[in-house]
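In the order they appear, the protein sequences are chains A and B.
Residue numbering for the first sequence follows this note's numbering, starting at 1 and increasing by one per position.
Residue numbering for the second sequence follows this note's numbering, starting at 1 and increasing by one per position.
Hints were generated in silico from the structure; no laboratory data involved.
Just so we're clear, the structure is a prediction, and the values are computed from it rather than from any experiment.
Note that CB positions come from ideal geometry on N, CA and C, so glycine has one too.
There's no promise every hint is true.
[Stated by the list, open to error] With the C-beta cut set under 8 Å, the calculated list includes, among others, these residues of chain B facing chain A: (1) Q74; (2) D168; (3) T169.
[Claimed, not checked] If you want the ones that stay clear, here's a sample from chain B, every Cβ over 10 Å from chain A, calculated: (4) P62; (5) D65; (6) P66; (7) K99; (8) P114; (9) R122; (10) P141; (11) A154; (12) S155; (13) T166; (14) A212; (15) Q228; (16) D247; (17) R256; (18) A266; (19) A273.
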Amino acid sequence: MNAAVPPASLRAGPDANGHFGAFGGRYVAETLMPLILDLDAHYRAAKADPAFKAEFDDLLTHYVGRPSPLYFAARLTEELGGAKIYLKRDELNHTGAHKINNCIGQILLARRMGKTRIIAETGAGQHGVATATVAARFGLPCVIYMGARDIARQAPNVFRMKLLGAEVRAVESGSRTLKDAMNEALRDWVTNVHDTFYIIGTAAGPHPYPELVRDFQSVIGTEARAQILDREGRLPDLLVAAIGGGSNAIGLFHPFLDDASVRMVGVEASGHGLDTDAHAASLAGGRPGVLHGNKTMLLQDEDGQITEAHSISAGLDYPGIGPEHAWLHSIGRVEYQSATDAEALEAFKLLCRVEGIIPALEPSHALAAIMRMAPTMAGDQLIVANLCGRGDKDIFTVAEALGVAL
Amino acid sequence: MTAHDLAASPDRLSARFAACRAEGRAALVTFVTAGDPDAATSAAILAALPAAGADIIELGMPFTDPMADGPAIQAGNLRALGEGMRLRDLIAMVAAFRKADTTTPIVLMGYFNPILAYGCARFATDARAAGIDGVIVVDLPPEEADELLPDLGASGMHLIRLATPTTDTARLPRVLEGASGFLYYVAVAGVTGANAATAGDIAAAVARLKAATDLPIAVGFGVRTPEQAGAIAAHADAVVVGSAIVDIIGAGAAARVNDIPARVAAFVAGLAAAVRNRQSYAA
């Protein structure tokens, strides 16, 4: 594989064929290629259309509740004894996570393309809930594919999706988690290309999905950049976000990529530990490969068979990662660390205790990395972390992990 | 690679298509997954296919995430992987087959990641040396094919391209660029084992493809019965049957019977008879 040549701006990617350095691309069945190319053309047109942006912004303001606050976590800062910690409160969005930002953008695109049926995959259920929400808001029928194992551990979100009018289809193939739900959604799409729009939930998949999901989620970083400049009069020293597919992280990082003084840390889920088979850290433990329409870093065996990921957080339980992260990792612009199930649980409990905020297990991984890093930093340094989801959905999982019977 | 390069090396695919054309009929292409339900049975099935009437063998490369396949072939992939079938074992299986059969073309079908993990250049060399004639990579559209095409060309293997009901006239030249061996027409927008297209739709699609290329046209997806195979054989250069055969293997494996190769051969013989009873469109 050739080494990536960074363009003048790190925000310029991908190229016209969807490549971020050696990653990305369009690895899909021929049946889907014409549709992918059509989606790309429609997205270019939408991106250049002020009316599209105006409608997107209006819905984010009045339906989602943006901008989300940038909150100075004074007690957490005091507890950890180091850098000042700000939390970007995307868990306060309508539906309780950052996923809705992307869903609003994609359903507007679906409507623009004249598509009349929505499908999506979901892991933790947050993207499924967000998709069901926008489908209800726009009056389109919606089918959500969800691994049977995830359905068992995310019952509240399954019920939410049904209340919102979505049909939730259990996926029994493979590891019965997010990757299998994505396989099944792709099978549906290839069968119903004529009328169906596939709302992919993370910054991965065939081009232009990684780009358009990133663009829709970049509202997080754009707001955070203006908010921290307003509050502190300068850019932060460190950005931290959890990484599954990586949409909340790329949304926070992307507007800062050309700010050389800003260090960025993405936090993968290392499950039971990187030295075990039970983790979801595709950068730390994976190799380049092709799955779900893009070339990226994947957990796989030496024969190229995809191995199962593990994380206590269903939303991080995926054996791949968005291609832009794979590229940012390869050029060293973003640093990637990991946090175990146990470390995420400790961070979860800490935020509940000192800030009165119940975080989702996904951003609890970012908080776990902050617990390591903040104490090593000076008191005048600034950290911005993305609190990308609220933890109501996770209380059953956490109770089980803590040995509490509800 | 050029047609001249291919002509310089023994090309089983063009020879087989020419032979079928001389008989005034379409070719029968049969799909099975390598290693399904286990290595020994799979090798026996492979050996039995030509005598049963398969003109070309399409051999599935097992993958954990077969996104374009329906339940039958997904299950076949999992059975093969469960028995430990790897790409190197598949290549060795074909090399063993070639000791007894030097003429039946074998085309691999599967997904890109196992090839990428094996190494594109090494794959092209080893597969060709084993007597594999071409490869269909479902998730490698022309836009990404440069990663594999030069290596296949250097070793003399065909990269078989796919056209689908969504491949319109504007896109078709892109699909045909660098295509060789034959063109695989996916008759329905969907996964393998889905519902069949109508003979009328297939006839129109094949005519459209014939206007754009001299490559033989093979039609697959949704072809389950001898009647369907015979009907398509009247319009195409080849008919591909996959899921229906894999279902027989799956049912046999579930019932733990020991005559799966004979059951497959009997079914394939029925398909072959139906194909042989029809005049091909190309003749």
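Q) What are the numbers of the hints the structure violates, in ascending order? A) 3, 4, 5, 6, 8, 10 and 13
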